[in-house]
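Trainee: Heads up, the sequence shown stops at 159 in this note's numbering, and the numbers go up one at a time, no gaps.
Rather than coming from a laboratory, the hints here were simulated on the basis of the structure. Glycine is no exception: its CB is placed at the ideal position from the N, C-alpha and C atoms. Any given hint could be a false lead.
[Said to hold, decoys possible] Restraint ranges, calculated between C-beta atoms of paired labels, are given here:
1. D128 <-> D74: 22 to 30 Å
2. N55 <-> P28: 32 to 40 Å
3. D97 <-> T136: 17 to 25 Å
4. K132 <-> R77: 21 to 29 Å
5. T104 <-> R57: 27 to 35 Å
6. S145 <-> Y3: 36 to 44 Å
7. P68 <-> M1: 19 to 27 Å
8. V34 <-> M1: 38 to 46 Å
9. S146 <-> K85: 26 to 34 Å
10. Y9 <-> A80: 17 to 25 Å
11. N144 <-> K84: 23 to 31 Å
12. V34 <-> Q62: 19 to 27 Å
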Amino acid sequence: MKYKVGIGYDVHRLGEGDGLVLGGIVVPSGLCSVGHSDADCLIHAIIDAMLGAANLRDIGFQYPDSNPDYKGIDSKRLLADAFKKITDKGYKIENIDSTICLQTPKVGKYIGQMQQCLAEILNLDTEDLTIKATTTEKLGFVGNSSGIAAYAVCLLSRD
Numbered sequence: 001m002k003y004k005v006g007i008g009y010d011v012h013r014l015g016e017g018d019g020l021v022l023g024g025i026v027v028p029s030g031l032c033s034v035g036h037s038d039a040d041c042l043i044h045a046i047i048d049a050m051l052g053a054a055n056l057r058d059i060g061f062q063y064p065d066s067n068p069d070y071k072g073i074d075s076k077r078l079l080a081d082a083f084k085k086i087t088d089k090g091y092k093i094e095n096i097d098s099t100i101c102l103q104t105p106k107v108g109k110y111i112g113q114m115q116q117c118l119a120e121i122l123n124l125d126t127e128d129l130t131i132k133a134t135t136t137e138k139l140g141f142v143g144n145s146s147g148i149a150a151y152a153v154c155l156l157s158r159d
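Work the whole structure out from these sequences, hints included.
Mentor: Below, the structure written as structure tokens:
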């Protein structure tokens with residue numbers, strides 16, 4: 001058995017809106033992420049970790065924002081496609097660990113819904129998909145609520 005690890009990171013600017021797309025769900029908020037796609041920061045970090053572990057470069061290479069096909073796209077579709085890319089190479093996801101960095105809104109009560117949504121797409125048990133949330137204690141662009149960041153680590157295996 002061969003194991004490979006990938007690390008993902010994503011950041012998006014926050015603006016006024018009617019809900020924050022995060023982890024495949026909409027978190028009620030007066031804020032939204034700003035980006036070329038639906039700007040789901042958590043999914044983007046997870047995709048980056050998956051692609052990196054499988055030596056498929058990164059989200060910007062696979063789904064460039066210069067391609068109009070990805071304008072406004074639901075990131076769950078990108079996640080499903082990235083999952084297909086890694087499984088086509090013979091990889092299986094063993095575990096994903098992720099962290100959302102966001103000052104507001106508080107997202108802890110939505111983590112279960114995010115886990116369920118993402119686990120279904122990735123054919124994982126929610127036990128193998130960890131999502132954590134933290135703030136930056138009001139420091140930096142996350143702390144002043146002008147942005148959101150997410151980190152993810154993905155462990156893949158292949159016979």
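Trainee: State for each hint whether it applies.
Mentor: The hints, checked one at a time:
1. Between D128 and D74 the Cβ separation comes to about 23 Å, which falls inside the hinted range of 22 to 30 Å.
2. Range check, N55 to P28: about 38 Å between beta-carbon atoms, so the 32 to 40 Å window is met.
3. The given range of 17 to 25 Å is respected by D97 and T136, whose C-beta atoms sit roughly 19 Å from each other.
4. At about 25 Å, the CB distance of K132 to R77 agrees with the hint of 21 to 29 Å.
5. Range check, T104 to R57: Cβ separation about 33 Å, and the 27 to 35 Å hint holds.
6. Our hint of 36 to 44 Å for S145 and Y3 holds, since their Cβ atoms are close to 38 Å apart.
7. The hinted range of 19 to 27 Å is not satisfied by P68 and M1, whose Cβ atoms lie roughly 41 Å apart.
8. The beta-carbon spacing between V34 and M1, approximately 41 Å, falls within the hinted interval of 38 to 46 Å.
9. Against the hinted window of 26 to 34 Å, the Cβ-Cβ separation of S146 and K85 comes to about 33 Å, which satisfies the hint.
10. Y9 and A80 have their C-beta atoms about 21 Å apart, which keeps the hinted 17 to 25 Å range intact.
11. For the hinted restraint 23 to 31 Å between N144 and K84, the CB-CB distance of approximately 38 Å leaves it violated.
12. The hinted window of 19 to 27 Å between V34 and Q62 holds, with their beta carbons roughly 21 Å apart.
The structure is inconsistent with the numbered hints 7 and 11, although it conforms to all the rest.
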